[in-house]
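A.B. asks: Residue strings, one per chain:
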Amino acid sequence: MANKKQYIFDNPKNVKRLLTVFYVLCALLLLLDFVIERNVYHPWENLWGFYPIYGFVGCVVLVFVAKWMRTFLMRPEDYYEKLEEARFQKDQQLTKGDNNVDA
Amino acid sequence: MWMLEIPPFVPFFIGAVIAAFTRGRLRGLVMVLIPVLSAIHLWTVPDGSHLQFAFLSYELIPYRVDKLSLMFGYVFHIAAFIAIIYALHVRDTVQQVAALMYAGSGLGAVFSGDLLSLFVFWELLAFTSVFLIWARRTQKAYTAGMRYLIIQVISGLLLLVGALFYAAENGTLAFGYIGLQGIAGWLIFIAFGIKCAFPFAHNWLTDAYPEATVTGTVFLSAFTSKVAVYSLARAYPGTELLIYIGAAMTCFPIFFAVIENDLRRVLAYSLINQVGFMVVGIGIGTALAINGAVSHAFNDVIFKGLLFMSMGAVLHMTGRINGSDLGGLYKTMPKTTILCIVGAASISAFPLFSGFVSKSMVMSAALENGHNWVWLMLLFASAGVFHHAGIKIPYFAFFAHDSGIRASDPPSNMLIAMFIAAALCVGIGVYPAALYSLLPYDTGYNPYDATHVLAQTQLLFFSALAFVWLNLKNLYPPELRSTNIDVEWTYRRVLPAVWQGTVAMSQQIYGVFSQSVNRVFTLTTNYLAHKNAKISGLLSDKHPAGSMVLWVVVILASYLLLTFIK
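Heads up: the sequence lines are chains X and U, in that order. For the first sequence, position 23 (counting from the first letter as 1) is numbered 23 according to the working numbering, and the numbering increases by one without interruption. For the second sequence, position 92 (counting from the first letter as 1) is numbered 92 according to the working numbering, and the numbering increases by one without interruption.
Here chain X stands alone, though its shape is the one from the complex:
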């Protein structure tokens, strides 16, 4: 049964609208740095845009490092199961073999 109903984000215009609102909010938050008087514990917090830049750069670095980690960590989905199931089936065959007249 095909579902032809149009949902809110099926319309690319809505996605665009959402993103625009998001960008505006980001810009506003950055500008608030000038307005709000901070009482800080640490000198780094006084740097302009410390939190936004740290958040953005941190996440980009996180994703790139994680992506790079895939090159040596990634294995097929059944990586462990292949070995474990092979062992399991071998065991099962053995027990079958004991009671099997053909064995």
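Hints may be right or wrong, so weigh each one.
Stated by the list, open to error - Covered stretches of chain U (chain X as the covering partner; in silico rule of three or more C-beta atoms under 8 angstroms from a C-beta of chain X):
#1 457 to 470
#2 478 to 492
Unchecked claim - Distance condition first, Cα-Cα at most 25 angstroms in a straight line; then the derived DSS-like pairs of lysine-lysine:
#3 X:5 x U:331
#4 X:16 x U:335
#5 U:473 x X:16
#6 X:16 x U:331
#7 U:331 x X:13
#8 U:140 x X:82
#9 X:13 x U:335
#10 X:13 x U:473
#11 X:67 x U:473
#12 X:5 x X:16
#13 X:5 x U:335
To be verified - Between beta-carbon pairs, the in silico distance windows are:
#14 X:23 x U:444: 36 to 42 angstroms
#15 U:176 x X:9: 52 to 58 angstroms
#16 U:495 x X:24: 35 to 41 angstroms
Simulated from the structure, these hints should not be mistaken for lab results. Note that the structure is predicted; figures quoted are calculated from it, not measured. We put the beta carbon where it would ideally sit given N, CA and C, even for glycine.
Since the structure of chain X is provided, determine the placement of chain U on it from the hints.
C.D. replies: This is chain U only, laid out in the frame that chain X set:
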């Protein structure tokens, strides 16, 4: 006042027995009533030791109540209540009984006043919870449960040996501050560390939780690791090593979480990340830091439960949990989507959600005590947790590309449970004073000052901006069907391989050895036989009995002949 002497684990264990013999609505009613009645009872209990007796010259205190244990006692009741409602539709008696026993064991552990009682509940936690994994009844769940059980039992044994050493060193089994002195201190520390998923000992969690049943994982996420956090807070506050262990725990899992495909495993990694914040708080050990750790544990039980429930709902309704198979579910599961987003906002510590009011205490404590690098790591981890748990989970399950799956929202008991958890997340976030009044220390902390709110909102929005940018540029790593190797690789792949290799090699060596021994043996016997044959000549023929008779006959005949000669 007889009620005072009933420790909270008793009603749960009684409930488990009743649940084993009842079915249907009656069982549901009993199961829902037990945490409610037990919580009301707990509310009336004053501080102090309520049950103690002597055992082999040691004093055992199976029921001790103070602010620290009460905090965990309350949240365990809330968690049990929510998870039981979530699991009301389950007809599997094994799961229902195991769940009640498991919740009871968790409560028993946090109210234990001595190390021996703690050990008993520590092991009960393992033996009851493993049935929530095995109840999935797949080969994968069976082997994962086995590994889980082995590691948990090792932790328990270390605790027992540590407790015996502790009793020998100090002449008491009382469970209070222990500290890293002597062999007992270290053994117990390692035992707690294993259950707390310290780095290199963390894989049981990411291995077993995603293999448990839909409802089982919700129970699992609440108790085991939080009992370990409680035990650390009681026995090792202010231990500097914990700060660095905790900081490592907040950071390394987020890398794995970003590339993991199984969304419940992503949550398991993020559980380790959240526990890391608590461990840092315990390590700092000031009143503010301990408050932060304990209240974060309280909130984490609820919001992590909510996230596991929402992913459980997805698994329950679609039968799938891999990010690569899901997407676009918001269309037909709008309620689950919204509830999941509430959980995601809470774990990401958005202002007005529960994570914010507790995590910020740990962060502030780290700064106040001059742990600048640790603070930077925690800040990075905060951005990272938003990235993988706050955005990745809801995005890949409910939005992203349309997978074409049109599953409806889950049964109403699941929705109600998620709604209660979500309401608590928002309630605590909006009105943190209620939570703060339960805390062990009074610090007068206020999370909602302009500096704090702005800093956290900026951090989170620009983390989200990074996600949007990477996604639009197609730089974000796609969800792939894959397994990522972790520390477990050593005991799931290397050790079996080494073991098989050793067995094969020893068999070969044995073969060669036995062959050569056999050959030498045959050669020697042949050689001796040959020599013997040469010496004995006529007398030792091939048929010694026959030839002997023959020769006896010959001798007797000669005698006979000799008699004739005379």
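A.B. asks: Take the hints in turn and mark each one as holding or not.
C.D. replies: Here is what the structure says about each hint:
no. : hint                             : verdict
1   : 457 to 470                       : holds (count 14)
2   : 478 to 492                       : holds (count 8)
3   : X:5 x U:331                      : holds, 9 angstroms
4   : X:16 x U:335                     : holds, 24 angstroms
5   : U:473 x X:16                     : holds, 15 angstroms
6   : X:16 x U:331                     : holds, 18 angstroms
7   : U:331 x X:13                     : holds, 17 angstroms
8   : U:140 x X:82                     : holds, 11 angstroms
9   : X:13 x U:335                     : holds, 24 angstroms
10  : X:13 x U:473                     : holds, 19 angstroms
11  : X:67 x U:473                     : holds, 15 angstroms
12  : X:5 x X:16                       : holds, 20 angstroms
13  : X:5 x U:335                      : holds, 18 angstroms
14  : X:23 x U:444: 36 to 42 angstroms : holds, 38 angstroms
15  : U:176 x X:9: 52 to 58 angstroms  : holds, 55 angstroms
16  : U:495 x X:24: 35 to 41 angstroms : violated, 55 angstroms
Violated hint: 16 only; the structure is consistent with all others.
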